[in-house]
Amino acid sequence: MNLELLFQYIVAGITYGTIYAVVAIGFNIIYNATGIINFAQGEFVMLGGMTAVTLSGFLPLPAAILGAVIITMMIGGLVEIVFIRWLKSPSVLRMIIITIGLSIVIREVALHIWGEGVRALPYFSGTSVSSINLWGVFISPQVLWVIGISSVMVFFLSLFFNYTLTGRQMRACAANRDAARLCGINAGNMVTLSFMLSAAIGALGGCIVSPITYVQYDSGTPLAIKGFTVAILGGLGNSTAAVAAGMILGILESFSIWVLPAAYKDVVSITILLAILFIRPSGIFGDAEAARLKEY
Amino acid sequence: MKKLAIMVLAAVLAFAAASPCRAADTIKIGAILAVTGPASNLGAPEARTLEMLVDDMNAKGGISGKKIQLIMKDSASSPEKAVSFAKQLIEEEKVFAIIGPSTSGETMAIKNIAEEGKTILLSCAAAEVIVNPVAAHVFKVAPKDSFAVDMIFEQMKKMKISKIGVLSSNTGFGKAGKEQVEKRAPGHGIQIVASEVYDKAATDLTAEVTKMKSANVQAILNWSIEPAQAIVIKNARQIGFKGPIFQSHGFGNIKYAEAAGPAAEGVIFPASRLLIADSLPKNNPQKAVLIKYKKDYELKCHGEECSTFGGHAYDALMILARAIKEKGFDRAAVRSAIENMKGFVGTAGIFNFSPSDHNGLDMKAFEMLTVRHGKFAPLSK
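Sequence lines, in order, name chains A and B. Residues in the first sequence are numbered from 1 upward in steps of one, following our numbering. Residues in the second sequence are numbered from 1001 upward in steps of one, following our numbering.
The hints are simulated quantities; they were obtained by calculation from the structure and are not laboratory data. Treat the hints with care, since some could be wrong.
[Unchecked claim] Partner residues aside, some chain B positions facing chain A, computed with beta carbon under 7 Å: (1) F1096; (2) H1188; (3) I1192; (4) E1196; (5) T1203; (6) D1204; (7) A1207; (8) S1214; (9) N1216; (10) I1239; (11) G1240; (12) S1279; (13) N1283.
Given the structure is predicted, the values throughout are model-derived calculations rather than measurements. A virtual CB, placed ideally from N, CA and C, is assigned to each residue, including glycine.
Between the sequences and the hints, there should be enough to build the whole structure, so can you do that?
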């Protein structure tokens, strides 16, 4: 394998890794605030992409993306208020089944609204054939957009969680909900906010990646599975680790083409998920002790 | 209370017994199509075509006086669903014939079920294995993939291409096509230097086309029916691959060209003349049928352009209708009518069935097409 091929594979791996990391961060935010694994996270990504395509029919592209993110955010908040809020200390199993059910419902609704066809946003810059030649590696300018926007998003999220009052309140709820309530933090609202934030992140991810892959009414589920794998790989709840784990999974998948037929790409990610769950369920970067101490 | 329950039960049973009397005036035709899922660009036009034709025919009194009851099932291109729907249609609904499925993998899954249930199956899928070995009740209306492969290789020889990379999907169609490609390549002097199989739901194929490019192939041949067809083209152009890209006859829906955008310019593929109906010479025997179908479909489907796949559903239903008009409603008679039908002008070509050929099409059914300015156009010789 020559150097050029190596870089081409790495770039392909990073592109996908970023998307998986974005989905994983969405999982982590909700998990941190509520202990729920939201299996409808992939659907938020799909909704973001589909809504943006519909809006781009009569709005300029940046406005369409902003509109899609806001609408998906509202849907995320609505989902929480209607389905989750009124449950009194639900068991983990119940929550998982509820979120899986929600993902199926959202998928069918999307099928009815948008039909079965594939949609894609126009490329943010250039067309489907433009490619930039960086040191012998050809990449589409959209790849740079994906990596750029995701990095900016992760950066702003960390600023939000570390330096704003609301962000700190959400972290407080994640650490110990009762103590947070005692401090006067409205835990219920924090949960809604976490859903809205996750939905917004997912939607933005869906928009930036839709020119290079497509969104279809059922493209949410495989993404959710890969995102979940990445979240577990990095340690559930740890968003910075999710980014690193996303890169690892993306690059491993990309290089697997070299040794396995391409049809086995998904097998690679599921095998990694199973391996991690058997060997080290707290994730590569997670702390086994701390994970056991968390309670909801 | 008990008396009331017994009376209600009796009424329900009476109703149930009464319904078959109404059913005697209709003929049940089943359809298993991949309306949603990876093959939706095949199944959706097929479903719309069937609905359009059945409405038309019923408005004119049906087939030989009986109205058609179309029972449509969406298999989402899953062979497992196709199997359960086939059993349901044959055993419970006792349909006269089944049109579909849309894909080769599903058809192979239900081939034996249709044969054992003695129900006529008119498949819209292309793989040769559907009619080879011949099963008495199983027919297909899509041209053979082996013809498509031969046409593509002839074109490659004209363009002096000898080293190619082959990409195929892991569906029945992709696997059958790959097999035909590998079998026929040496005969045409073509060498396959790289071959990759990808998952039917794949969303990015950059790594695969990179592998092809680094193997210095002169052309890439992609054999699949999923949206991945468009993704291959985009990824290949993005990594700077300049050689020609060939597709299978599964490319016959303009949506694939639209999805790939400017990257689709110059893609070469074999397809039926339906896609270029307007530019056919006046004396072409298929022109009248093609133009009428095209107009009807585009009118009914709000300007959506017709595709070769909708044409397969048209051919299947019209062949069945002609056989029923000739021989009435006896299944065995209709089956042998289809088997011996000659000179049927359909959208995919002119059909000449025989007991050993349940496909009825030859290589003349295909025309080499390309994409020019986002539209399908004949590849100028």
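Outcome of the hint check:
no.: 1; hint: F1096; result: violated (28 Å)
no.: 2; hint: H1188; result: violated (25 Å)
no.: 3; hint: I1192; result: violated (15 Å)
no.: 4; hint: E1196; result: holds (5 Å)
no.: 5; hint: T1203; result: holds (3 Å)
no.: 6; hint: D1204; result: holds (6 Å)
no.: 7; hint: A1207; result: holds (4 Å)
no.: 8; hint: S1214; result: holds (5 Å)
no.: 9; hint: N1216; result: violated (12 Å)
no.: 10; hint: I1239; result: holds (4 Å)
no.: 11; hint: G1240; result: holds (4 Å)
no.: 12; hint: S1279; result: violated (26 Å)
no.: 13; hint: N1283; result: violated (37 Å)
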